[in-house]
Amino acid sequence: MTDFASRIHTHKERHNLAWRLHLDTTLLTALMLLMALALGIVYSAGGDSTVNKQLARLAVGMGVMVVLAQIPPRILKLWSPAIYLAGIIMLLVVEFTGVIGKGAQRWIDLGFFRFQPSELLKLAVPMMLAWYFAEKPLPPTLKQIVVALLLIIVPVVLIAIQPDLGTSLLIFASGFFVLWLAGLQWKLVASSALLAAAAAPMLWFFYMRDYQKQRVLTFLDPEKDPLGSGYHIIQSKIAVGSGGLYGKGYMQGTQSQLEFIPERHTDFIFAVFGEEFGFLGAVLLMVLFAFIVWRGLYIASNAQDTYSRLLAGAITLTFSVYVIVNIGMVIGVLPVVGVPLPLVSYGGTSSVTLLAGFGLLMSLHTHRRLLSS
Amino acid sequence: MKDPVTEGGLFYRRALMAGAVVLILFLALVGRLFYLQVLSYEEYVAKADRNRISTIPLAPTRGLIYDRNGVVLAENRTSFSLEVMLEKTRDVDALIEELSSVITISDDDRERFAQERRQRRKGRAIPIRTRLSEKEVAQFSVNQHRFPAVSLRGQLIRHYPFGEQFVHAIGYVGRINDREWEKLDQANYAATSHIGKVGLERFYEQVLHGAVGYQEIETDVHDRLVRVLNRVAPIDGKDLHLHLDSELQFAALSMLGEQRGVIVAIDPNDGGVLALVSAPGFDPNPFVTGIDSLSYRALNESPDAPMFNRAINGVYPPGSTVKPHLALAGLMSGVTQPSRKVWDPGWYQLPGDERKYRDFNWHLGGHGWVDLHTSIIISCDTYFYDMANRMGIDVLHDYMQRFGFGQKTGLDVYEEASGLLPSSEWKRRARKQAWYPGETLSVGIGQGYWNATSLQLVSSTAALANGGKRYQLQLVDALGVMDNRQDLPAQLAEHQLNAIPPEHLKLVRDAMKDVVHGARGTARKAFTGIDYLAAGKTGTAQVASYAQDAKYDATKVEERFRDNALFVGYAPYDKPKIAVIVLVENVMGGGGSNAAPLARRVIDAYLEKNGRD
Numbered sequence: 102m103t104d105f106a107s108r109i110h111t112h113k114e115r116h117n118l119a120w121r122l123h124l125d126t127t128l129l130t131a132l133m134l135l136m137a138l139a140l141g142i143v144y145s146a147g148g149d150s151t152v153n154k155q156l157a158r159l160a161v162g163m164g165v166m167v168v169l170a171q172i173p174p175r176i177l178k179l180w181s182p183a184i185y186l187a188g189i190i191m192l193l194v195v196e197f198t199g200v201i202g203k204g205a206q207r208w209i210d211l212g213f214f215r216f217q218p219s220e221l222l223k224l225a226v227p228m229m230l231a232w233y234f235a236e237k238p239l240p241p242t243l244k245q246i247v248v249a250l251l252l253i254i255v256p257v258v259l260i261a262i263q264p265d266l267g268t269s270l271l272i273f274a275s276g277f278f279v280l281w282l283a284g285l286q287w288k289l290v291a292s293s294a295l296l297a298a299a300a301a302p303m304l305w306f307f308y309m310r311d312y313q314k315q316r317v318l319t320f321l322d323p324e325k326d327p328l329g330s331g332y333h334i335i336q337s338k339i340a341v342g343s344g345g346l347y348g349k350g351y352m353q354g355t356q357s358q359l360e361f362i363p364e365r366h367t368d369f370i371f372a373v374f375g376e377e378f379g380f381l382g383a384v385l386l387m388v389l390f391a392f393i394v395w396r397g398l399y400i401a402s403n404a405q406d407t408y409s410r411l412l413a414g415a416i417t418l419t420f421s422v423y424v425i426v427n428i429g430m431v432i433g434v435l436p437v438v439g440v441p442l443p444l445v446s447y448g449g450t451s452s453v454t455l456l457a458g459f460g461l462l463m464s465l466h467t468h469r470r471l472l473s474s
Numbered sequence: 002m003k004d005p006v007t008e009g010g011l012f013y014r015r016a017l018m019a020g021a022v023v024l025i026l027f028l029a030l031v032g033r034l035f036y037l038q039v040l041s042y043e044e045y046v047a048k049a050d051r052n053r054i055s056t057i058p059l060a061p062t063r064g065l066i067y068d069r070n071g072v073v074l075a076e077n078r079t080s081f082s083l084e085v086m087l088e089k090t091r092d093v094d095a096l097i098e099e100l101s102s103v104i105t106i107s108d109d110d111r112e113r114f115a116q117e118r119r120q121r122r123k124g125r126a127i128p129i130r131t132r133l134s135e136k137e138v139a140q141f142s143v144n145q146h147r148f149p150a151v152s153l154r155g156q157l158i159r160h161y162p163f164g165e166q167f168v169h170a171i172g173y174v175g176r177i178n179d180r181e182w183e184k185l186d187q188a189n190y191a192a193t194s195h196i197g198k199v200g201l202e203r204f205y206e207q208v209l210h211g212a213v214g215y216q217e218i219e220t221d222v223h224d225r226l227v228r229v230l231n232r233v234a235p236i237d238g239k240d241l242h243l244h245l246d247s248e249l250q251f252a253a254l255s256m257l258g259e260q261r262g263v264i265v266a267i268d269p270n271d272g273g274v275l276a277l278v279s280a281p282g283f284d285p286n287p288f289v290t291g292i293d294s295l296s297y298r299a300l301n302e303s304p305d306a307p308m309f310n311r312a313i314n315g316v317y318p319p320g321s322t323v324k325p326h327l328a329l330a331g332l333m334s335g336v337t338q339p340s341r342k343v344w345d346p347g348w349y350q351l352p353g354d355e356r357k358y359r360d361f362n363w364h365l366g367g368h369g370w371v372d373l374h375t376s377i378i379i380s381c382d383t384y385f386y387d388m389a390n391r392m393g394i395d396v397l398h399d400y401m402q403r404f405g406f407g408q409k410t411g412l413d414v415y416e417e418a419s420g421l422l423p424s425s426e427w428k429r430r431a432r433k434q435a436w437y438p439g440e441t442l443s444v445g446i447g448q449g450y451w452n453a454t455s456l457q458l459v460s461s462t463a464a465l466a467n468g469g470k471r472y473q474l475q476l477v478d479a480l481g482v483m484d485n486r487q488d489l490p491a492q493l494a495e496h497q498l499n500a501i502p503p504e505h506l507k508l509v510r511d512a513m514k515d516v517v518h519g520a521r522g523t524a525r526k527a528f529t530g531i532d533y534l535a536a537g538k539t540g541t542a543q544v545a546s547y548a549q550d551a552k553y554d555a556t557k558v559e560e561r562f563r564d565n566a567l568f569v570g571y572a573p574y575d576k577p578k579i580a581v582i583v584l585v586e587n588v589m590g591g592g593g594s595n596a597a598p599l600a601r602r603v604i605d606a607y608l609e610k611n612g613r614d
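One line per chain: the protein sequences are A and B, in this order. Per my numbering, the very first residue in the first sequence carries number 102; after that it's consecutive. Per my numbering, the very first residue in the second sequence carries number 2; after that it's consecutive.
For reference, chain A alone in the conformation it holds in the complex:
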């Protein structure tokens, strides 16, 4: 113990309260900055009561983050298969008894709390895969890849049939990133890309609901349905475009304040941001996101075991997928899928899950010297 203690004390961060709480100051600062910005823009888009609710959720999320950061990676690793299994079971429960919400079965009603098992899977899937590859020599063998793909596909399919295209996409991405970081062979990446391309028409004909097909078609030609589903894309582009270089000023965005932007405090909040803070503001926000991604990848690269590396990398890359898909959707380069802007969009579960993910990242980072001994 003294040996460990001396090691800790020699570290420059030894007197840092954050470090003692197993929090990464750099990441924490960036996240706090992002959330402060987010609360400001949620206030502009949604007003008092919305911002208060969001503040409460972020507080819960921060709590979860801090708690998870305390759990040493070996415990996380130990529990990974159990968490994954629990997630799958809950998905099955939802499938058969789930509460209907927003036209899709996504919730488990625990009486005091509505729990969305798909959110748990967002973390459980990369944890499970990282666990699976942790002790194996990498790059993985073909057999291992097949097993890994199965581990990914099962929850993805279960969520896809809820249906929740956005979440299943994110979960697939989170699993795939583990596989990729584990060293998935290039020819397999290429062939799976081909496979995905081949599966797309099947997806179109056998899985996608009419409204989802409509969204894709609308994305391809939004002017075709300006009052229907094309409205979202047209209006958010107008809001962002009319923001110009400097923006219209905080709370001054006419398109958002006059409610022309649909879902302006949830999935389309970036349109509000872009309108009120302009190109410079949007770039600054992108830089903040990029910084968080960089910090996540830095943590992953400095992790000292396979489980930590893979998990940290997957969480970080998934986070960047959120950013790219959401902003791409708002500015009309990707179809409208229900993916929030991470930590900025109003919404409880996704914020909590994301902060939980950062809690894991911090745990992986702050416990590493202890593990390394």
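I should point out that these hints are in silico values taken from the structure, not numbers from a laboratory. Do not rely on the hints blindly, as some may be mistaken.
What the hints assert, rightly or not - Within a straight-line C-alpha distance of at most 27 Å, the following computed DSSO-like cross-link-like pairs (lysine-lysine) qualify:
1. A:LYS237 x B:LYS3
2. A:LYS288 x B:LYS3
3. A:LYS244 x B:LYS3
4. B:LYS576 x B:LYS514
The model shown is predicted, which means the values in this text are computed figures rather than measured ones.
Given the structure of chain A, go ahead and fit chain B onto it with the hints provided.
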């Protein structure tokens, strides 16, 4: 088994690559943002403004119509109506049913709605109820949320305080229909629902209407007003100030009473119309808000034809009232002289013709030797048969045309009829027949093919009064508000009686004076006891054809074929201030007993007020 160094390297490369891909995608998003926010900025700003800014046209207030004493004849009143936007409802009938549980909707309302629906302006709301009471406004307001397709509209609506008494003098407005909308300056009428349909309201539409204003308002996505950004006030229409004297109008109306007929009085010095009565009239106010078809049919099918504007649009044989004009033509053309006498045995025969043309006066034995002066006073037909025969139709036509017959007087309305002044050329063209000398005789006593409007008669009589100048008749004296009036100067008519020899004119005027004052004058009885000198001419015209298309009531056929009684005259004789025509349809007896007394009272009333000299 595991090789930490190799695996670390592999992971590091993969992480680096992933980071690079994320960076590239982020840069792509930034590039797209640059395109939207910097390169396409103008385009999206324009779209954003189009999103939030709506331009609401503001209706100008329609100009008022005043008589010469400042009495308001047409005003604007605030009126609340319920309007249905057809575009916002699927089942109009169900909507009206539901609405009737909140507001009383009569069968008339429904029928009028159905009617306006057929001829509506596209995209415009149609009123289902008009003239809501305050209580009804409140009743609807609390239920507004149930009827998104129905809106309560408060607007200024034309109102005619004297109803039927001035309708034929000033006309009225009604809702703009599709046909009118096509022809309008649609931008200027964007907020206007009514337009002048008839009379002054139609003729001075542009002046009365004014110019539309605009209000730029910012609205939210629910179309709710957020704030007013900009306002360009409408330019209100100008008021019309008429020559018309409402007191004289009332006097004339009361003279006619229940009789059908026309009284028009003008100022011979400028052609200004002092009174214009066509009786019976009708109340134009229901036409403004929308008349139900039952009431409309009753008006339209009434044998008295109240909607027919006899004063402006009615054509009648002028009868003997045009004998002074004809006499002047005879003198000027040289076919007769003051001293020339004609033997009147009670009839006239064309040389070499068996047929006897009767003198319509009931002097069975005739008047004996008659000169020009006498022929006017006693209205001797034989004298005028003889004169017309020697003049010939085309010379007659030429002179009478200079008096304005066969053409519009230029009154400031669109509906004026031009009547018919026949000529041989006209008959060749219109009837494809040659002119017969016998036909000249009828025209020579103001009958036959000759049809004149009352306006022509009063205008040509005024020309006799003022020494030969014919003015365009004008209802409107000035435009605009009191301290910024734009006077409409008197205009001479196109055809003039240039250079009437004064002695000829005096002869005719003297004769007309003796019609009123002379011992044998046909209007003497009507004017007994006046303390000024007047001049005039009576007439009794056979009704060749009824002037309008009203249906005949079998029991009334007899009455409808009775003569029309006429009187034209002016006063005072030396310095004329008023010229007047009275025409009473279908009476027993002639103009001396039926029309002249009315004219005398109108002249009395006017001179009483405006002085006699």
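Item to check | Given pair status - B:LYS3, A:LYS244, alpha carbons within 27 Å | outcome: Given that 27 Å is the threshold and the Cα spacing comes to 17 Å, the pair holds.
Next on the checklist: Need the status of pair B:LYS576, B:LYS514: alpha-carbon distance at most 27 Å?
Outcome noted: Since the Cα atoms of B:LYS576 and B:LYS514 sit roughly 13 Å apart, the hinted pair holds (cutoff 27 Å).
Item to check | Proposed proximity, B:LYS3 with A:LYS288 (alpha carbon, max 27 Å) | outcome: Status holds; Cα separation ~23 Å.
Next on the checklist: Hint check: A:LYS237 vs B:LYS3, CA-CA at most 27 Å. Holds or violated?
Outcome noted: The given pair, whose Cα atoms are some 7 Å apart, holds under the 27 Å limit.
Checked against the numbered hints given earlier, this structure breaks none of them.
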